[in-house]
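Q: Protein chains in written order, with UniProt numbering: chain F, 1 to 255; chain A, 1 to 333.
Heads up, some of the hints might be wrong.
[What the hints assert, rightly or not] Sample of chain A residues with no beta-carbon within 12 angstroms of chain F, all distances over it, derived: (1) Ala83; (2) Asn117; (3) Leu217; (4) Val257.
[Unchecked claim] Chain A stretches covered by chain F per the calculated footprint, using a threshold of three residues with CB under 8 angstroms from any CB of chain F: (5) 25-33; (6) 95-102; (7) 300-309.
In case anyone wonders, no lab produced these hints; they're calculated from the structure. These figures come from a predicted structure and were not determined experimentally. We put the CB at the ideal spot given by N, CA and C, even for glycine.
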Amino acid sequence: MSELTSASPRPRSRPAPALQRVLAHGRYETRNTLRNGEQLLVTLILPLLVLIGVHRLDLISSATGGIDALVPGVLALAVMASAFTGQGIATGFDRQYGVLAYLATTPLGPTGLILGKAVAVLSVIMVQLVVLGAAGLTLGWSPDPLGLVWLLAVLVLGAAAFTALGLLLAGTVRAEATLAVTNVAWVLLGAAGGTIFALDHQGPGVLLLLLPSAALGEAARAAAADGVFAVVPVLILASWAVLALLAARRWFRWR
Amino acid sequence: MSQQPLCLSLRQVRYAVGSARSAGGVTEILSGVDVTAQPGQVTVIIGPNGAGKTTTLNCAQGLLRPSAGTVELLGEDPYRAGADLRARVGVMLQDGGLPQAVPPAVLLKHVSRLHQNPWPLDDLVDRLDMSDFLTTGIRRLSGGQKQRVALAAALIGDPEVVFLDEPSAGLDPQSRQVVFDLIEQLRDQGRGIVLTTHLLEEAQRLADTVFILKDGLVVRHGTVAELTAAHDGAHDDAQNGTTGQRADGPARRLVFVSPRRLTPEELHAAPLPVQLDGAGANQAGARWAVSDIADPADFGSLSSWWQHIGLMPSEITFESRTLEDVFWEVSAP
């Protein structure tokens, strides 16, 4: 072991600029997500299999309204996977292992940590958009050009709502419980919560349209297929985002 | 104690969990802790399990907001401070705080990017002998290797103040030596080191100042020499004052091994306070300690007592009082 130099005035330790810190953490979390086999399975491979599988089984004509309705639904499913399941599980285990507490003591701090996670979620969503969008186009998806802008806005809002829900869960219960709940909820909401398959707008089942998954699916389909900014689903989704953010702010525990 | 500028100051810090409305009520973890630390010194906090050591560190690091009292870290309130303060402080948490899925190289490079002038990673890897496992996932590392990664993560920002919670836990003797040497070098560079430990030999070797916590209070503090002195020169915080008299050196104590159990009457008749050494039991072969043997007359009176009760110790040794002795005195119920 070499000796340290003797006592002398050292330059004061300084933090990197704030934007650089947030982007660095965003890159770090994105890398971890895309190199983690389980995360990759949930965020990309399973949505891709759903897209190809539902399309190949020819269910789309009767259940999803065609490939133009299926692709936005699968994109919504993918956003739920990265924002809710992925972030929830990763944050839950980071909390359990004290990683959140450690990073909160670095120049990143709690605020930088949350912003960095947001950058990571958006980065993963961009990858999902490219991969799943390309697969959809190959299968014949022909989205409304203006609707793509609305779709992007809806997916970002959905990411905010589901990230807040994932963090709320990760910050309040044990990591193992977060793992179980986010996975089960993702499957249930994806299959029967109005994400991939549109819900019936008649009868008592209409209440299911208040689910964040249904709001995200409805708004995404309206944007991509019809080029419409669906106000009611967007308002429902925004309400979920605000409520989940407030709840996470109130109950999230760093350790 | 010398009047140098402080890098850390906790004044009458209290920390409680729970609420009056909850079933468990309010539990006070810290009941008015006073701790200070100076640059270029190693400040060690010791105490039994549950004494409040980690909570004290967490308040000092800004991870917890005290219920009452003030905390100043490098002149700022760490709970409210921003990135400028956090860049000057390195933290090693008791549970490591390490992500399990990434290799040490990825974590350390990431944290170094949060600083403008980080410690060169290659140098840190060399000092802590981490090159063999730098690209292995942290979950696959041994406990000692994880400890070294956590220490590197605390130092990567080249901090002025370093908090180390049980830095040598799980380390083999060789790795422990590496960590001890590094801590001493950090001190010599003028950094302030605040650490907790259960290893009292470690504390005795490294500490410039020791704070002993018990039940959420600092019950004694001072230099090792003050704490182990014949006439206790340490600050007896529990009695709300100082005993004031500085000692010239550590007290001598006598330890004898009894070939049989001692009765309460025999112990009552002892001319000086006789206590079981450490956590031993009153039985044949027990080690008994007599503190503050400062005069040949003390030894004479002990010899008379042995004669009176018909006891021939199987072993008699003189030892200097250690921090462990002080710890046991303070920790006694």
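Q: Count the residues of the region 95-102 of chain A with a beta-carbon closer than 8 angstroms to any beta-carbon of chain F: does the count reach three?
A: Since three or more residues must qualify, the claim that chain F covers the region 95-102 of chain A holds, with 8 doing so at under 8 angstroms.
Q: Beyond 12 angstroms from every Cβ of chain F: is that where the Cβ of alanine 83 of chain A lies?
A: Alanine 83 of chain A is in fact no farther than 12 angstroms from some Cβ atom of chain F, at 4 angstroms.
Q: Go check the region 300-309 of chain A versus chain F for me, would you? Three or more residues, Cβ under 8 angstroms, otherwise it fails.
A: That given contact is violated, which follows from only 0 residues of the region 300-309 of chain A lying within Cβ reach (below 8 angstroms) of chain F.
Q: Closest CB-CB distance from leucine 217 of chain A to chain F, is it above 12 angstroms?
A: It holds; leucine 217 of chain A is separated from chain F by about 24 angstroms at its closest Cβ, greater than 12 angstroms.
Q: With d taken as the least Cβ-Cβ distance between asparagine 117 of chain A and chain F, does d exceed 12 angstroms?
A: violated, 6 angstroms
Q: Mind checking, does the region 25-33 of chain A have 3 or more residues with a CB under 8 angstroms from chain F?
A: The restraint on the region 25-33 of chain A is violated, since only 0 of its residues have a Cβ under 8 angstroms from chain F and three are required.
Q: Beyond 12 angstroms from every chain F Cβ: check whether that's true for valine 257 of chain A.
A: holds, 41 angstroms
Figure legend: structure checked against the earlier numbered hints; hints not met, in rising order: 1, 2, 5 and 7.
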